[in-house]
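*Asks:* Sequence:
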Amino acid sequence: MKLKLFLLLCIIIFPIKTFAETGVPAQEPNFHVSPADLLFDLNNIKPGDIASRTLAVSNHGVESFNYVAIHKFTGGSKKFYEELLLKIEDNQSTLYEGKLNEFKRLPARPLESSDIEDLFFQIEVPFHLGNDFQGLTSQFTFTVVAEEDLLLHNQLIDLANTNKYSLMELGFGGLILIWMNKRNRRRKSVQ
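Those letters in the sequence shown? Residues -20 to -1, 1 to 171, by mature numbering (1 follows the signal peptide of the UniProt record, and there is no 0).
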């Protein structure tokens, strides 16, 4: 019985020790987005108007990384927002073309060290919109997120590399030990 408990404790504790030894931490991506604050600030737009902007993403770090562009509606008229059209291109192809409200994010895009990638954003107010859209405004954000930040942003963190996982593993191990002790006590009391 003592051997079983010792082996069970070894199985539980050694993985925790393994997770605690992290080695050399990876460098965080060092990137810059230009313009950093405001991509579109459109006034007095009317049906048929098209606004184009260039967003430059540059890697100032020594390591390559992947990034995505995430989109989110933040306020104003949802009715107007749902009618806007969006087109995103790089130097070679169209990455997205469709309704702005249907765009969630770009797939992960690699960016080599010291590289700059230009993304071309185009917002169009459809020509068919009538007077009931006059004076409406919408606010939305495009956020560029690097690979490491993306994991935190979407809470897709690898559980095996967190302290919470270690504590959870220890808790499960403790529950197993309690269950085994109760089971063994019942067996002894029956005999």
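Please keep in mind that the hints were generated in silico from the structure rather than gathered at the bench.
One thing to keep in mind: the hints can contain errors.
25 angstroms max Cα-Cα, derived DMTMM-like pairs, lysine to aspartate or glutamate [claimed, not checked]:
| no. | residue 1 | residue 2 |
| --- | --- | --- |
| 1 | Lys26 | Asp112 |
| 2 | Lys79 | Glu63 |
| 3 | Lys52 | Asp98 |
| 4 | Lys58 | Asp98 |
| 5 | Lys52 | Glu104 |
| 6 | Lys59 | Asp98 |
| 7 | Lys67 | Asp17 |
| 8 | Lys58 | Glu43 |
| 9 | Lys26 | Glu92 |
| 10 | Lys52 | Asp29 |
So the derived label-pair ranges between C-beta atoms look like this [to be verified]:
| no. | residue 1 | residue 2 | range |
| --- | --- | --- | --- |
| 11 | Ser14 | Lys59 | 29 to 35 angstroms |
| 12 | Arg85 | Ser14 | 41 to 47 angstroms |
| 13 | His108 | Asp17 | 14 to 20 angstroms |
| 14 | Thr123 | Ile96 | 14 to 20 angstroms |
| 15 | Asn164 | Arg85 | 33 to 39 angstroms |
Because the structure is a prediction, the values reported are computed rather than measured.
The beta-carbon is built from N, C-alpha and C at its ideal position, and this holds for glycine as well.
*Asks:* Given the hinted pair Lys52 and Asp29, is their alpha-carbon gap at most 25 angstroms?
*Replies:* Roughly 22 angstroms separates the two Cα atoms, so the pair holds.
*Asks:* When you take the CB atoms of Ser14 and Lys59, is the distance between them in 29 to 35 angstroms?
*Replies:* Hint holds: Cβ distance 32 angstroms, inside 29 to 35 angstroms.
*Asks:* Hint check: Lys26 vs Asp112, CA-CA at most 25 angstroms. Holds or violated?
*Replies:* It holds: about 12 angstroms lies between the C-alpha atoms, which stays within 25 angstroms.
*Asks:* Just tell me: holds or violated, for the beta carbon distance of Thr123 and Ile96 against 14 to 20 angstroms?
*Replies:* The hinted range 14 to 20 angstroms holds for Thr123 and Ile96, with Cβ atoms some 19 angstroms apart.
*Asks:* Straight-line Cα separation of Lys58 and Asp98 no greater than 25 angstroms?
*Replies:* 29 angstroms, violated
*Asks:* Is the straight-line distance between the alpha-carbon of Lys52 and that of Glu104 25 angstroms or less?
*Replies:* 17 angstroms, holds
*Asks:* Just to be sure I understand the hint, the distance between the Cβ atoms of Asn164 and Arg85 should be within 33 to 39 angstroms; is that true here?
*Replies:* Given range 33 to 39 angstroms: violated, Cβ gap about 53 angstroms.
*Asks:* Holds or violated: Lys59 and Asp98, Cα atoms, limit 25 angstroms.
*Replies:* 30 angstroms, violated
*Asks:* Do the alpha carbons of Lys79 and Glu63 lie within 25 angstroms of each other, as the hint requires?
*Replies:* This hinted pair holds, its Cα atoms lying about 7 angstroms apart.
*Asks:* Is the Cα-Cα distance between Lys58 and Glu43 25 angstroms or less?
*Replies:* 40 angstroms, violated
*Asks:* Are Lys26 and Glu92 close enough, with their CA atoms no more than 25 angstroms apart?
*Replies:* Between Lys26 and Glu92 the Cα gap is close to 40 angstroms, so the pair fails against 25 angstroms, i.e. violated.
*Asks:* For the pair supplied as a hint, Lys67 and Asp17, confirm whether the alpha-carbon distance does not exceed 25 angstroms.
*Replies:* 20 angstroms, holds
Checked against the numbered hints listed earlier, the structure breaks hints 4, 6, 8, 9, 12, 13 and 15; every other hint is satisfied.
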